[in-house]
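2 protein chains.
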Amino acid sequence: MTLRDHIYDMGRRGREAARQLGILPPEKKTAILRAMAEGLRAETPALIEANAKDLEAALAKGLSSAMIDRLTLNEKRISAMAQGVAEVADLPDPVGKVLAEWTRPNGITITKVRVPIGVIGIIYESRPNVTADAAVLCLMSGNATLLRGGSEAFHSNMAIAAVLQKAGQSAELPDDSIQLIPSIDRESVRHMAEMNQYLDLIIPRGGKGLIETVISLARMPVIKHNDGICHVYVDEAADLDMAVRIILNSKTQKPGVCNAAETLLVHEDIAPAFYAKAIPGLRAAGVELRGDPALCALFPDVTPATAEDWSTEYLDLILSARSVRGMDEAMNHIARYGSRHSDCIVTEDAQAAGRFLSEVDSAAVFWNASTRFNDGGEFGFGCEIGISTDKLHARGPMGLPELTTYKYLVRGTGQIRV
Amino acid sequence: MTLRDHIYDMGRRGREAARQLGILPPEKKTAILRAMAEGLRAETPALIEANAKDLEAALAKGLSSAMIDRLTLNEKRISAMAQGVAEVADLPDPVGKVLAEWTRPNGITITKVRVPIGVIGIIYESRPNVTADAAVLCLMSGNATLLRGGSEAFHSNMAIAAVLQKAGQSAELPDDSIQLIPSIDRESVRHMAEMNQYLDLIIPRGGKGLIETVISLARMPVIKHNDGICHVYVDEAADLDMAVRIILNSKTQKPGVCNAAETLLVHEDIAPAFYAKAIPGLRAAGVELRGDPALCALFPDVTPATAEDWSTEYLDLILSARSVRGMDEAMNHIARYGSRHSDCIVTEDAQAAGRFLSEVDSAAVFWNASTRFNDGGEFGFGCEIGISTDKLHARGPMGLPELTTYKYLVRGTGQIRV
Numbered sequence: 013m014t015l016r017d018h019i020y021d022m023g024r025r026g027r028e029a030a031r032q033l034g035i036l037p038p039e040k041k042t043a044i045l046r047a048m049a050e051g052l053r054a055e056t057p058a059l060i061e062a063n064a065k066d067l068e069a070a071l072a073k074g075l076s077s078a079m080i081d082r083l084t085l086n087e088k089r090i091s092a093m094a095q096g097v098a099e100v101a102d103l104p105d106p107v108g109k110v111l112a113e114w115t116r117p118n119g120i121t122i123t124k125v126r127v128p129i130g131v132i133g134i135i136y137e138s139r140p141n142v143t144a145d146a147a148v149l150c151l152m153s154g155n156a157t158l159l160r161g162g163s164e165a166f167h168s169n170m171a172i173a174a175v176l177q178k179a180g181q182s183a184e185l186p187d188d189s190i191q192l193i194p195s196i197d198r199e200s201v202r203h204m205a206e207m208n209q210y211l212d213l214i215i216p217r218g219g220k221g222l223i224e225t226v227i228s229l230a231r232m233p234v235i236k237h238n239d240g241i242c243h244v245y246v247d248e249a250a251d252l253d254m255a256v257r258i259i260l261n262s263k264t265q266k267p268g269v270c271n272a273a274e275t276l277l278v279h280e281d282i283a284p285a286f287y288a289k290a291i292p293g294l295r296a297a298g299v300e301l302r303g304d305p306a307l308c309a310l311f312p313d314v315t316p317a318t319a320e321d322w323s324t325e326y327l328d329l330i331l332s333a334r335s336v337r338g339m340d341e342a343m344n345h346i347a348r349y350g351s352r353h354s355d356c357i358v359t360e361d362a363q364a365a366g367r368f369l370s371e372v373d374s375a376a377v378f379w380n381a382s383t384r385f386n387d388g389g390e391f392g393f394g395c396e397i398g399i400s401t402d403k404l405h406a407r408g409p410m411g412l413p414e415l416t417t418y419k420y421l422v423r424g425t426g427q428i429r430v
Numbered sequence: 013m014t015l016r017d018h019i020y021d022m023g024r025r026g027r028e029a030a031r032q033l034g035i036l037p038p039e040k041k042t043a044i045l046r047a048m049a050e051g052l053r054a055e056t057p058a059l060i061e062a063n064a065k066d067l068e069a070a071l072a073k074g075l076s077s078a079m080i081d082r083l084t085l086n087e088k089r090i091s092a093m094a095q096g097v098a099e100v101a102d103l104p105d106p107v108g109k110v111l112a113e114w115t116r117p118n119g120i121t122i123t124k125v126r127v128p129i130g131v132i133g134i135i136y137e138s139r140p141n142v143t144a145d146a147a148v149l150c151l152m153s154g155n156a157t158l159l160r161g162g163s164e165a166f167h168s169n170m171a172i173a174a175v176l177q178k179a180g181q182s183a184e185l186p187d188d189s190i191q192l193i194p195s196i197d198r199e200s201v202r203h204m205a206e207m208n209q210y211l212d213l214i215i216p217r218g219g220k221g222l223i224e225t226v227i228s229l230a231r232m233p234v235i236k237h238n239d240g241i242c243h244v245y246v247d248e249a250a251d252l253d254m255a256v257r258i259i260l261n262s263k264t265q266k267p268g269v270c271n272a273a274e275t276l277l278v279h280e281d282i283a284p285a286f287y288a289k290a291i292p293g294l295r296a297a298g299v300e301l302r303g304d305p306a307l308c309a310l311f312p313d314v315t316p317a318t319a320e321d322w323s324t325e326y327l328d329l330i331l332s333a334r335s336v337r338g339m340d341e342a343m344n345h346i347a348r349y350g351s352r353h354s355d356c357i358v359t360e361d362a363q364a365a366g367r368f369l370s371e372v373d374s375a376a377v378f379w380n381a382s383t384r385f386n387d388g389g390e391f392g393f394g395c396e397i398g399i400s401t402d403k404l405h406a407r408g409p410m411g412l413p414e415l416t417t418y419k420y421l422v423r424g425t426g427q428i429r430v
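Respectively, the protein sequence lines represent chains A and L. Numbering (the numbering used here) for the first sequence: 13 to 430. Numbering (the numbering used here) for the second sequence: 13 to 430.
The shape of chain A in the complex, shown without the other chains:
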């Protein structure tokens, strides 16, 4: 069987599994996930052993220490993975929820009800824990998954998938609910992306190169978790101390993530006063500043920002900063350079805040709060598969309901159309 045939066969089997998963009662899904959490704990030694093969190959290939750290499984991380699975097991089942219901003049009743999406393809890189995270979030929302992990985590991913499948079987999980492509051939990404008769959705989790490949090839919907070029705009009516706390938190609390701020916009009237308060703290936190001429004039040791800086997601302790003549210029900057992820205004002026919230077209728009709150956990979703930077289907943090769709149930008593 060719790789293509093998993947299409997995797709077909995933479709069959999805039909059964779609009608699995919540208590059954909870039991399956609990068994999986137990399985991961019980099989810790086997998982560490499989991971060792990947680590050995990674060292031989000379991967960076950051990459090797991301790849590493140890008791603590496996326990955290199992804990994550157990927490999803306790979340409310989104499937079957009635979203709307109405009766038409002819007497037919229409019910709009949440249903699983079907079969979800997930293509990811590096961290092996995604194998468990993604599979169980999809499973709890009634979806079958076809997983394709990174080549460097191949043995770890296979071992995790095997544990989940075995634990699932013991709790009557339908066969083929969770499938991992047992190949590191890059062509498997193409086959998945083209297989729109079997995959209802594809989610790429990884770098720009992977996302670009998937967008170009995919024949089914794609939900991307893309760059966050997030802005904090300090308005003329800002509480400057609050603004300092917010930019410091947005930039430095965890700089390597998508909801961290990358650019600071400051109303020119308060720029000198604000910079005087903010810059010492940012520097003390190790932040390198890249400034416009106005900032560089005030602080001559700030590196001048280039055109490229405004569209760069640093994911690091670097912050670009510029002053603006007012909120319109700030919003124009955000529209031009932002990635529609998380943008914030700090102001005491409710009217200005209202305009900013209304006119900035981002997944989450913040007024006087850190951009770091754009997160499934912080939103109270209990989990997230990622933060969608797409506008369709799901935007912002994706929890279990965002992994579902809906259908209409129409009940009649023999009505026909005239």
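Heads up, a few of these hints could be off.
Note that identical chains are pooled: a pair holds if it fits in a single copy or bridges any two copies.
Straight-line C-alpha distance at most 27 Å; calculated DSS-like pairs for lysine-lysine [claimed, not checked]:
# : residue 1 : residue 2
1 : Lys-266   : Lys-88
2 : Lys-266   : Lys-124
3 : Lys-88    : Lys-178
4 : Lys-220   : Lys-289
5 : Lys-178   : Lys-289
Calculated directly from the structure, the hints in this document are not laboratory data. All figures in this text were calculated on a predicted structure; none of them were measured in a lab.
Starting from the structure of chain A, add chain L where the hints point.
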């Protein structure tokens, strides 16, 4: 300027227009749409004149009379187009609706609010009235449109777009809110499909070839209005007279549309009795039957169905029919051959109906009602841009809310993440 540059420039301008459209108050949109309806009425002679050029070319090219009919504009059709625009003007504005709101333990308030999608590309064939229909539905939901009509309706489409733009200007519509690509070059489809920095969504309305091209090329989300291979399953516990009315209506009330039934599935225990009641009426309505061996044995003059029949959308007075051993076989048939559009069970058995409604994965699943009700008007949406056969973002009839997305507004008092 090359065609590509021209289309990208239109995309960029559409993006600017969308920023203004997104915050246009409902009464302004209503006024704009009313002005457009008036404009279409007032410019009827000019529209008929432009249409005459297309009709002349169509005759010279030898297009079929059905094609020419679809292409033709006359006073009555222009009046209906204007009426349609005026009706959309009176629909409730979906933008700004609060979908959910909650406060987190740290005091931040999260509001999930409906917002426009942004810029929508619509690629369509043949009927010039789509120019007005699609543009005003998108406009009322706050979206800018980039339209690309079929070459055979080029002059009609240009004239309609010009009328809408002129009437819009008089009512302060932002420039570039409605743009029509002034070229019949097929490459324009490719440029639109690749331009994901400016188009948030692309909707192809047309035949399989167009849809296939768009799916293959598109780098942004696509919502398809695809085939409807719709089934009526007559259960062993069906009221046979009701079942006759429903299959007759589903098949013959308007056979050329996507929610018409194409396949009849009959429980084998009641098949002889049901066929005896149903077939005379179907034949009287001019329906040609393609049957399985069981049906052909009962009615030897029925054409035997081939494997291809089960996956064919006839869009005509043809019906494939077979008996099944029970509901599972019916649901397996639907899962295998259906297009997840509209499927119906006729039964008096509420438990069987419950299983069918739950397990059949179609945009609309019917119990004792005609499949022809899967329609925006019949659902009470007041309008529709089409019936989505996709599962993501919008499924089934798409009205104004389905042309929107959401964003989160997060209001704090200086909260930071710890």
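These are the hints, each one checked on the structure:
no.: 1; hint: Lys-266 / Lys-88; verdict: within (21 Å within a copy, 64 Å between copies)
no.: 2; hint: Lys-266 / Lys-124; verdict: between (40 Å within a copy, 25 Å between copies)
no.: 3; hint: Lys-88 / Lys-178; verdict: within (22 Å within a copy, 67 Å between copies)
no.: 4; hint: Lys-220 / Lys-289; verdict: neither (36 Å within a copy, 62 Å between copies)
no.: 5; hint: Lys-178 / Lys-289; verdict: neither (57 Å within a copy, 52 Å between copies)
In summary, the numbered hints that this structure violates are 4, 5.
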